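Anchor point for the sequence shown: position 128 equals 216 in my numbering, and the numbering is continuous, going up by one each time.
In short, the hints are calculated from the structure, not lab data. Worth double-checking, as some hints may not be accurate.
SDA-like mimics (lysine to any residue), calculated; alpha carbons at most 20 angstroms apart, straight line [as the list claims (entries may be wrong)]: (1) Lys149 / Lys416; (2) Lys256 / Ile215; (3) Lys112 / Lys416; (4) Lys163 / Asp316; (5) Lys259 / Ile215; (6) Lys163 / Pro325; (7) Lys259 / Pro201; (8) Lys370 / Thr356; (9) Lys380 / Gly265; (10) Lys259 / Tyr213; (11) Lys208 / Ile285; (12) Lys233 / Tyr205; (13) Lys326 / Gln162.
Bear in mind that the values here come from a model prediction, so they are computed numbers and not experimental data.
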Amino acid sequence: MIRFKFLTTILVLLTTLTYGQSVKRIDGTTIPIDSLNAKIDYLMKTANVSGVAISVFNDNKPIFSKTYGFANVQKQIPLEPTSIMYGASLAKMVFAYIAMQLVQEKMIDLDKPLVAYLSKPLPDYIIKGWRRGYHDLKADERYKKITARMCLNHTTGFPNWRWFEADKKLKFLFEPGTRYSYSGEGLYLLQFVMEQITGKDYETISRERVFIPLGMTNTSQVWQPRFDSNICYGHNPKGEPYELMKWKEASAGGSMSTTLEDFTKFYTAMITGKGLSKKSFKAITTTQIRIKSRSQFGPLSKVDCMDNDSIQLGYGLGVGVFKSLYGKAFFKEGHDEGWGHYSICFIDKKIAVVIMTNNDNGESIFKELLAYSIGDTFTPWRWENYIPYNMKQ
Numbered sequence: 089m090i091r092f093k094f095l096t097t098i099l100v101l102l103t104t105l106t107y108g109q110s111v112k113r114i115d116g117t118t119i120p121i122d123s124l125n126a127k128i129d130y131l132m133k134t135a136n137v138s139g140v141a142i143s144v145f146n147d148n149k150p151i152f153s154k155t156y157g158f159a160n161v162q163k164q165i166p167l168e169p170t171s172i173m174y175g176a177s178l179a180k181m182v183f184a185y186i187a188m189q190l191v192q193e194k195m196i197d198l199d200k201p202l203v204a205y206l207s208k209p210l211p212d213y214i215i216k217g218w219r220r221g222y223h224d225l226k227a228d229e230r231y232k233k234i235t236a237r238m239c240l241n242h243t244t245g246f247p248n249w250r251w252f253e254a255d256k257k258l259k260f261l262f263e264p265g266t267r268y269s270y271s272g273e274g275l276y277l278l279q280f281v282m283e284q285i286t287g288k289d290y291e292t293i294s295r296e297r298v299f300i301p302l303g304m305t306n307t308s309q310v311w312q313p314r315f316d317s318n319i320c321y322g323h324n325p326k327g328e329p330y331e332l333m334k335w336k337e338a339s340a341g342g343s344m345s346t347t348l349e350d351f352t353k354f355y356t357a358m359i360t361g362k363g364l365s366k367k368s369f370k371a372i373t374t375t376q377i378r379i380k381s382r383s384q385f386g387p388l389s390k391v392d393c394m395d396n397d398s399i400q401l402g403y404g405l406g407v408g409v410f411k412s413l414y415g416k417a418f419f420k421e422g423h424d425e426g427w428g429h430y431s432i433c434f435i436d437k438k439i440a441v442v443i444m445t446n447n448d449n450g451e452s453i454f455k456e457l458l459a460y461s462i463g464d465t466f467t468p469w470r471w472e473n474y475i476p477y478n479m480k481q
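Given these sequences and hints, build the entire structure.
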């Protein structure tokens, strides 16, 4: 395994906050902060990970937040709490949070067909830019069945992205509402409807409802010029940076740029239900549909099994959910070339963690880091394809 030379000589540690000298885990045990630092140091060196950002929550409050390693390996620029990171699909949790605000304000009904909010048939809208349109669905009226609930729990029947399909067209892979299948296209549809209802673009909606109220000054759904001075790059296993995509159009599915500092603010609001009614928080974190697939993505996503029946794996609204020996938990991940993120909250224990990495190898340390930091041995890591570094060929 190739190791970065810099990781054999130095590991940059930048602390944003540390309250107390230990972290409480879901089984009631505690670990010293120094021990957690040493563990992350070891995992990064052993698994060849260029940068890690982590926040740990006890009593639903961030008690430990720290960045490690580099935002830019080649230039040896340290990863800092204010480094601009690509949020990937962590953005979907922000979208669900916003969507449920609209639901509780009765602007959207979870179970009302989305076409009821439109002034003309969905396929007739001309949409420019990356989203393209819905003309592919003109001959298949199943689009009239899709609701906000189906979009948020990934049961629309759409593929993840139309451009992954052989013909590059949007289509139904199964009957809406009958099966979980992760779909950014489903969230794009709900985003489009929300924009029609509010008369605002999604970036404006995000700013008004999340970024400004929570003081997330370095977060945006579209790239901001001021971000250029503090960029964090995603890297391959050799420490080579990927080209950074600077989104010009807001995407509910994953255009958000953020920082550990900012996302910690959002996640604090998320796990405490700030800005949400108790009913909305319960709906988000309650199983809407059980998940039986062997894997979240790829060919095995179509193969059913009982691998995760012990934790009753399912999906809520915008987040995955399961049950453990220590009560209910909800999680959301983010993944792209050079990026691997994961967040999980054990609701009854009020213990949570956010992990963000800027390297293709980042996800290979999740299983061990989750178990060590908060005692989470329940996350379905095989289903997520978080194959540990010491299990890879």
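A quick look at each hint next to the structure:
Distance hint between lysine 149 and lysine 416 is fulfilled; the C-alpha atoms sit about 18 angstroms from each other, no more than 20 angstroms. Simply put, lysine 256 and isoleucine 215 have alpha-carbon atoms about 16 angstroms apart, close enough for the 20 angstroms limit, and the pair holds. The hinted pair formed by lysine 112 and lysine 416 meets the criterion: a straight-line CA distance of about 17 angstroms does not exceed 20 angstroms. Using a Cα cut-off of 20 angstroms, the hinted pair lysine 163 and aspartate 316 holds, with the two alpha carbons roughly 15 angstroms apart.
For a cut-off of 20 angstroms, the pair hint linking lysine 259 to isoleucine 215 stands: about 17 angstroms separates their Cα positions. This hinted pair checks out: lysine 163 and proline 325 have alpha carbons roughly 16 angstroms apart, not beyond 20 angstroms. With a C-alpha separation of about 18 angstroms, the suggested pair lysine 259 and proline 201 falls inside the 20 angstroms cut-off, and the hint holds. Between lysine 370 and threonine 356, the direct Cα distance comes to roughly 16 angstroms. Compliance with the 20 angstroms bound is thereby established for this hinted pair.
Using a Cα cut-off of 20 angstroms, the hinted pair lysine 380 and glycine 265 holds, with the two alpha carbons roughly 15 angstroms apart. Under the criterion of a C-alpha separation no larger than 20 angstroms, the hint pairing lysine 259 with tyrosine 213 is consistent with the structure, at around 16 angstroms. Of the pairs offered as hints, the one joining lysine 208 and isoleucine 285 holds, with about 13 angstroms between alpha carbons and a cut-off of 20 angstroms not exceeded. Restraint check: the Cα-Cα separation between lysine 233 and tyrosine 205 comes to about 13 angstroms, which is no more than 20 angstroms; the hinted pair holds.
Only pairs whose Cα atoms come within 20 angstroms are accepted, and lysine 326 paired with glutamine 162 is accepted, the gap being roughly 10 angstroms.
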